[in-house]
Each structure stands twice: as structure tokens, then as C-alpha cells.
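*Asks:* Residues per chain are reported as follows:
Number of protein chains: 2
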Amino acid sequence: MTAKIKYTKGTTAPTGFLASAVASGVKTPGSDRPDLCLIYSKLPTVSAAAFTASKVKAAPVRVTATHAKSTATRAIIANSGNANACTGVRGLEDAKRMATEAATALGLKQREVAVCSTGIIGVPLPIERITPEIPALAKKLKERGWTQAAEAIMTSDTVRKTAGAKFFVGKKEITISAMVKGSGMINPNMATMLCFIATDANIDKATLQAATSAAVEQSFNRISVDGDMSTNDTVIVMANGAAGNRTITNGGSSSRLFRQALNAVTLKLAKDMVRDGEKATKLIEIQVKGANSHADAQKIAEAVSNSQLVKCSWNGSDPNWGRVMHAIGYAGAKIREELIDIYFNGLIATKSGLATDTPIDQLKKAVSGPEFTLCIDLHLGDADYTAYTSDLSEGYVAYNRLEYAVKTRR
Amino acid sequence: MTAKIKYTKGTTAPTGFLASAVASGVKTPGSDRPDLCLIYSKLPTVSAAAFTASKVKAAPVRVTATHAKSTATRAIIANSGNANACTGVRGLEDAKRMATEAATALGLKQREVAVCSTGIIGVPLPIERITPEIPALAKKLKERGWTQAAEAIMTSDTVRKTAGAKFFVGKKEITISAMVKGSGMINPNMATMLCFIATDANIDKATLQAATSAAVEQSFNRISVDGDMSTNDTVIVMANGAAGNRTITNGGSSSRLFRQALNAVTLKLAKDMVRDGEKATKLIEIQVKGANSHADAQKIAEAVSNSQLVKCSWNGSDPNWGRVMHAIGYAGAKIREELIDIYFNGLIATKSGLATDTPIDQLKKAVSGPEFTLCIDLHLGDADYTAYTSDLSEGYVAYNRLEYAVKTRR
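Respectively, the protein sequence lines represent chains A and B.
My numbering applies: residue 134 is where the first sequence begins, and numbers increase by one.
My numbering applies: residue 134 is where the second sequence begins, and numbers increase by one.
Rather than coming from a laboratory, the hints here were simulated on the basis of the structure.
Warning: the hint list may mix true and false statements.
All copies of an identical chain are treated as equivalent in the list; a pair is satisfied when it fits inside any one copy or across any two copies.
Claimed, not checked - The calculated lysine to any residue pairs, modelled on SDA-like cross-linking and capped at a C-alpha distance of 25 Å, are:
id, residue 1, residue 2
1, K188, T506
2, K188, G423
3, K412, E527
4, K484, V256
5, K188, R293
6, K467, A397
7, K242, L400
8, K412, S346
9, K467, V222
10, K412, L535
11, K467, N425
12, K202, L225
13, K299, A499
14, K229, L487
15, K467, L225
16, K188, A531
17, K188, H512
18, K229, T519
19, K188, Q420
20, K412, S450
21, K338, G465
Values in this document were obtained by computation on a predicted structure and should not be read as measured data.
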């Protein structure tokens with residue numbers, strides 16, 4: 134089955150999608166770096182979405198969730214530099230204004246436009262810099278605008294993040310292209326993970342939403358370092374049917390193929406976000422096996438991946454299994470200490486809860502590279518869970534010591 | 134009522150208690166810094182205890198919990214430098230051996246001796262360095278040994294931590310003396326908070342246990358930065374009745390006085406631990422008010438006090454209320470964003486979920502000192518909760534990057 138899917142860099146929009154970006158000055162007044170983008174489907178779409186679970190939701194999340202509930206999303210307008218979060222009634226008005234102006238420029242209904250913002254929290258959106266740029270954004274829309282749009286949503290990201298897939302349904306080739314920004318909750322000061330996915334697949338709405346929810350669960354939700362999403366996190370998937378394939382519906386083999394491709398694309402982007410986590414130097418895959426329940430496996434994976442002290446160890450390439458045991462201990466899951474095995478990149482560090490005689494130099498080497506796997510086998514049951522995390526560096530602290538006081542000049 | 138209690142530095146043992154310390158070489162072979170101590174009551178005692186809630190419990194915790202269940206604790210033997218955690222059957226044997234040898238030297242039953250260890254996890258305890266020192270420890274016992282014992286349990290602590298109180302029950306003066314080590318879960322690589330409290334009060338067992346549980350809840354449990362205790366955390370309170378007061382029993386005014394004194398002593402020590410947190414520069418008191426329930430107030434206080442990003446802000450003296458809102462949002466408690474007020478040292482930064490016009494320089498000043506209060510008013514109900522946290526510094530990461538690989542030479 135895998136052979137049927139070709140994975141791509143996702144640098145071009147699927148058939149029927151256009152994109153554009155401009156420098157509005159929201160992020161840095163006077164800069165020519167793009168910070169405002171537009172994505173548009175020439176054809177009608179079906180769409181799916183996932184939003185932050187936080188109870189503090191940014192204005193654009195509230196507006197877009199309402200829009201997405203009533204109508205398929207056919208365009209996305211997004212800015213970086215300001216999250217339009219904790220901005221009250223004015224924030225809601227600003228978010229609606231962005232959607233309305235984009236809809237006017239594109240000849241769409243306001244509800245067909247999703248609006249997303251990412252950046253600092255609690256500072257009113259400089260809407261006066263955004264609205265004058267919208268007509269130009271609409272005019273600049275083109276097939277090759279996809280990568281510029283991916284650049285416009287970057288905040289502390291150091292690399293543009295796109296990924297894609299191509300596969301056949303019957304004789305019709307389907308393209309999925311995705312862009313993402315942020316480093317999830319590793320990097321929540323910019324308060325957002327945004328992921329925009331476009332596909333020319335012909336797919337029904339329920340199938341698309343189910344595939345989207347499943348894809349988010351096994352990718353973006355697995356890198357949640359604080360155990361939750363931030364105020365602005367948004368995933369939007371638009372499908373416009375331009376490929377002309379027979380409609381993909383739940384249960385069919387084409388549905389399985391679509392899900393497989395979407396899962397791989399989102400997991401790739403999720404890992405890319407961890408790799409690009411602020412001042413992070415490592416990507417660690419945490420596999421918990423042999424748990425009594427899925428919930429227990431998840432609790433342990435999240436406790437270990439969120440432990441400040443464990444993450445410090447990774448930074449120092451220190452195979453400190455004692456700290457891992459410590460995090461397992463407070464995870465609140467059922468365990469039996471004397472059954473636990475811990476492996477670093479397949480090398481056993483802990484057997485039945487005790488240190489092994491694997492030489493420390495070998496263990497150090499196992500955790501020294503830019504990526505490694507930590508496997509925790511609880512030997513209690515059949516449930517497992519995988520999470521992804523980064524190390525915690527001095528650079529992270531230095532980078533995050535100052536933000537609000539610097540960016541607000543009152 | 135407060136006027137009745139005199140708070141002291143707790144540097145001397147109450148009547149009838151003796152203590153001693155030696156350098157056994159467990160922490161640093163060849164060093165003359167004490168790392169092994171003994172505390173002993175010449176008179177029979179009643180005692181109370183509290184242990185880590187972690188499911189990975191160190192051997193001494195298991196042994197001491199069993200002892201404390203069956204018999205009053207009359208002596209404590211404790212070492213620093215090795216936590217005797219994740220050490221299996223051998224660890225249990227070593228912990229029992231420590232208790233047995235101390236009991237023999239003191240003429241007590243093994244069950245009357247509590248044993249505590251603090252230090253690195255997963256490395257067998259060098260019991261062969263400990264047992265030969267026990268007879269000398271017993272011989273050196275003296276009234277003035279209390280501060281040396283407090284020094285012997287220090288690990289990454291930079292200051293010795295003791296506190297005490299004196300008050301009258303009738304015409305008899307009661308003394309409480311307490312020592313603590315660790316920085317709670319701010320500093321869990323040494324895997325332990327240990328707190329030993331001695332009092333010459335005459336008090337019944339149930340009253341002492343209730344007072345101990347209440348004291349721990351409002352002090353040591355409030356500084357839990359990872360939301361949980363570590364593998365070795367132990368609090369032991371011994372009362373020997375040497376003051377000759379009428380027995381303190383639940384419900385009486387002397388019981389209220391005892392509780393008040395014990396609460397103040399433990400809270401003082403809890404705050405001292407945060408102040409002395411590894412490379413921490415600030416103590417922040419987080420007050421959550423107006424919550425719908427105690428549980429909700431606690432969730433929010435803990436989410437804010439554990440947020441890596443919020444703690445980075447404190448380090449930079451950045452009054453970043455947006456990050457506080459972000460942590461409130463993912464805490465899982467009932468909130469209404471538009472009702473939330475946030476104060477730094479009484480200065481309002483956020484009113485009804487929005488930035489106020491309090492000048493940023495004033496807010497910066499409010500969070501610039503070594504201690505400040507963050508107050509979050511949810512305006513939903515009457516429940517409140519207070520927690521204590523520190524900032525997160527580059528120094529913390531630098532200090533914690535390497536431990537296991539350095540300390541284990543295989």
C-alpha cells in the first residue's frame with residue numbers, strides 16, 4: 134500500500150488552489166518579510182478543521198470556528214506577528230474585518246473565509262496595517278504562491294515547513310499539500326501552531342473530517358509539550374475535487390489511502406516542528422509499550438516528554454534513566470517499578486527497574502545524535518502510545534526570558 | 134493568637150532530642166563534609182509521617198513507611214549523595230541494614246528507626262561506607278548536633294534550612310524545631326525533599342498526624358513544580374512530651390496553637406526551598422481567587438507555576454500576562470476569559486481579560502525583585518488556592534544537563 138503514495142516537499146499548491154503573501158508590517162513595521170498571506174480555492178470545496186482545546190481562545194479561532202461550522206472554507210487569510218488573543222470585543226471585530234475584507238476581494242461570503250493569527254498575545258491587532266493590503270493579496274494570487282504563504286506565517290520558526298503527497302484514485306492523481314508554522318507547545322510564546330492543508334481530492338465532508346481528526350491525533354497532538362494546545366492552534370483542510378476522482382468515502386480503499394497519506398504528511402510536519410523547536414538540538418521519539426490502557430500509556434509518554442529535568446538531560450546527551458523513572462513514577466498511571474525496561478535507541482539501560490551493565494559510553498552515544506528513540510516497556514498489558522519531544526537548552530531560556538516587555542511600548 | 138507563638142531559627146533540638154553527623158564518603162569519597170546524620174529522642178515518642186505520592190518509591194521510603202505504620206519513630210538515620218531509589222531488592226536490604234545498625238547502636242527496635250536517603254537515582258547505595266560510621270554517629274549524639282544534621286542532608290542546597298517555633302501550653306513552653314533539604318520538585322534531580330521535625334510537646338498520635346497532614350498540604354505540596362512529589366520525599370515528625378504539658382488533643386485551643394505553629398514553620402521552610410531552588414533567582418507566590426471550586430483554583434495555580442514559558446518570563450523580569458492567560462487556558466478549569474483580572478504585586482496588568490493601561494515600566498518593576506505575588510482573580514466563585522514557584526534560568530539547564538553520565542563510572 135505504501136508504494137502507492139509518493140511523498141513530496143509540498144511546495145506547490147494542488148490543482149485549483151492559489152496563494153499569495155505580502156509584507157504588511159504587522160510583524161516588523163517597515164520590513165519586507167511577508168507576514169500576511171491568502172490561500173484560495175478557485176472551485177467550491179469541502180473542508181475540515183481542528184482548533185485549540187484551550188479555554189482561552191484567540192479571536193480568529195472563535196470567528197473561524199463559527200464560520201467552519203456553517204459553511205465550507207474556501208479561503209484562508211493569516212497573519213504572523215500578532216496572535217489577536219486576549220483582545221476582547223475589539224479582537225473579534227478585527228478578526229471579522231479580516232474575513233470580510235478578504236471575502237469582498239475574492240467575491241466570497243464572509244463565512245467561506247477562515248482567519249488565523251499568530252504572534253504575541255494581549256496586544257490589539259494592528260488591523261489598519263492589514264486591511265489596505267488585502268486587495269493586493271487577492272490580485273497576487275497564483276499557483277506558485279504556496280511557499281511564500283508558508284513563509285508569511287513563520288514566527289520564531291527558522292525554516293519554512295511544507296510537506297505533501299501524491300497518489301492515485303483510479304486513474305486520477307490526487308495531490309495533498311500542507312504547510313505548517315510553529316513548534317507546537319514546545320514553542321508556545323508565539324502562541325500558535327497553524328497548519329493549512331489543500332487537496333484536489335474529491336472527498337465527502339464526513340470522510341474528510343474523520344481523516345483530519347485522526348491525522349491531528351497521531352501527529353500534532355503527540356508533540357504537545359505542555360499537554361495541551363495553545364490559544365490559537367488551528368488546522369484547516371480544504372478539498373476542491375479538481376482531481377476529478379470518484380468521491381472518496383469512509384470505508385473504501387481510497388479512504389484508507391487518503392488517510393495514510395494525510396497521516397504521513399501531518400506526522401512529518403509535526404516532527405519538523407519539534408526539530409525546529411526554539412533552540413532545540415534533538416528530536417526524541419518516546420514509545421511507551423505494555424501499558425494496561427491507552428490512557429496510561431499516554432500519561433507516561435506525556436509525563437516523560439514534558440519533564441523539564443528529563444529534557445535537560447537530553448540537552449546534555451546524558452542517558453539519565455533515573456529521571457525517566459522519576460517521571461514515570463509521577464505520571465499517575467498504573468505501573469510496577471520492578472517490571473519496567475527502558476531502552477535508548479534499542480540499547481537497554483534499565484531492566485526490571487534496575488540499571489543494566491550496558492556501558493555508560495554506549496548509552497551516551499545512543500542519545501548523542503540529533504534524533505533518538507526512548508522506549509519504555511511496562512510489561513503490564515498491550516496498550517502503547519508514541520509521543521515526540523525535544524531537549525531543553527539554555528538557549529531556550531535565554532530566548533524566552535523577555536517578550537512582552539520588549540514588544541509592548543507603552 | 135499569633136502573639137502567643139515565637140518563631141525561631143530552629144537551630145537547636147527540643148528538650149530530649151539529640152543529633153549528630155559524620156562524613157561517610159557516600160556523597161564525595163574523601164570529603165570531610167558531613168553526609169550521614171542521626172536524630173534521636175531520649176524519651177519515647179509519638180510520631181507522624183508523610184511520604185511521596187510517586188509510584189516509584191525509593192527503598193528507604195518503603196522501609197520507613199512500613200516501620201512508621203507499626204511503631205512510633207524514635208530515631209532517624211539519613212544520608213545524602215545517593216537516593217537508594219530504583220535499586221531493587223538490594224536497595225531494600227541496604228535500607229533495612231541502615232535501620233538495623235542504627236537501632237543496635239541506640240538500643241532501639243529496628244521499627245523505631247526511620248531511614249532516609251537523598252541523591253542520585255539508580256545507583257546502588259555504598260552501604261559499606263555507611264555502616265562502619267553508625268557507632269560513631271551514636272556516640273557523637275548531642276543536643277547541639279541539630280545544625281550539623283541539617284547540613285548532612287544537603288545536596289544541591291546552597292544554604293542550610295532550619296526553622297522553629299516556641300509557645301506555651303499552660304505554663305509549659307513547647308519547642309518545635311525543623312530541618313529540611315531540597316528544593317522540592319523545582320530540584321528533583323536529587324530526587325528528594327526531606328523534612329525532619331522534632332517537638333517536646335506532649336500530643337496524642339491522631340492529633341499529631343492530622344496536624345502534620347494539614348501542614349504538608351499547605352506548604353510542601355504547594356511548591357510541587359512538576360505537580361507531584363519525587364521518589365524519596367519524606368516528612369517525619371516526632372514528639373516526645375518532654376515539655377510536660379497537658380496532652381494536646383484535637384479540637385482544643387492548644388491543638389489550634391500547635392497547628393498554627395507547625396503550619397508557619399513548614400510554610401517558611403517550603404518557601405526557603407523555592408528560594409534556594411537550583412539557580413533560581415525569584416520566589417513567586419501565585420494566588421488564585423474567585424474560582425468555582427478548590428480543585429479548579431488548584432489546577433490553575435499549578436498550571437501557571439509549572440509553565441516553563443511563564444517561568445522563563447519571571448527570569449527575565451518580564452510581566453508577560455499573556456503567557457499567564459495561556460497557562461490558565463490549558464489548566465482544564467472552568468474560566469470565563471472576559472472576567473479574569475491579573476495583578477503583579479497588586480498592580481493590575483489585566484482587567485476583564487484585557488491589557489490595562491498600567492505602564493509597562495511599573496509592571497516590570499513589580500516583577501523585578503527577588504519576591505513578588507501574582508494574583509489571578511477569576512470572578513466566578515469563592516474558592517481560592519495559593520502556590521509557590523521559582524523562575525527558570527539558563528543556569529538551571531546548564532546545571533542539569535549532565536548528571537547520571539558523570540556520576541556513574543562504568
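*Asks:* Please go over all the hints and tell whether each is borne out by the structure.
*Replies:* Verification of the supplied hints:
no., hint, result
1, K188 <-> T506, "between (33 Å within a copy, 24 Å between copies)"
2, K188 <-> G423, "between (33 Å within a copy, 17 Å between copies)"
3, K412 <-> E527, "both (8 Å within a copy, 12 Å between copies)"
4, K484 <-> V256, "between (52 Å within a copy, 13 Å between copies)"
5, K188 <-> R293, "neither (29 Å within a copy, 42 Å between copies)"
6, K467 <-> A397, "neither (31 Å within a copy, 35 Å between copies)"
7, K242 <-> L400, "neither (33 Å within a copy, 59 Å between copies)"
8, K412 <-> S346, "neither (30 Å within a copy, 42 Å between copies)"
9, K467 <-> V222, "between (45 Å within a copy, 21 Å between copies)"
10, K412 <-> L535, "both (15 Å within a copy, 18 Å between copies)"
11, K467 <-> N425, "within (7 Å within a copy, 30 Å between copies)"
12, K202 <-> L225, "within (17 Å within a copy, 59 Å between copies)"
13, K299 <-> A499, "neither (35 Å within a copy, 56 Å between copies)"
14, K229 <-> L487, "between (58 Å within a copy, 19 Å between copies)"
15, K467 <-> L225, "between (44 Å within a copy, 22 Å between copies)"
16, K188 <-> A531, "neither (28 Å within a copy, 34 Å between copies)"
17, K188 <-> H512, "between (37 Å within a copy, 16 Å between copies)"
18, K229 <-> T519, "neither (38 Å within a copy, 39 Å between copies)"
19, K188 <-> Q420, "between (29 Å within a copy, 20 Å between copies)"
20, K412 <-> S450, "both (15 Å within a copy, 21 Å between copies)"
21, K338 <-> G465, "neither (38 Å within a copy, 30 Å between copies)"
When each numbered hint is compared with the structure, violations occur for hints 5, 6, 7, 8, 13, 16, 18, 21.
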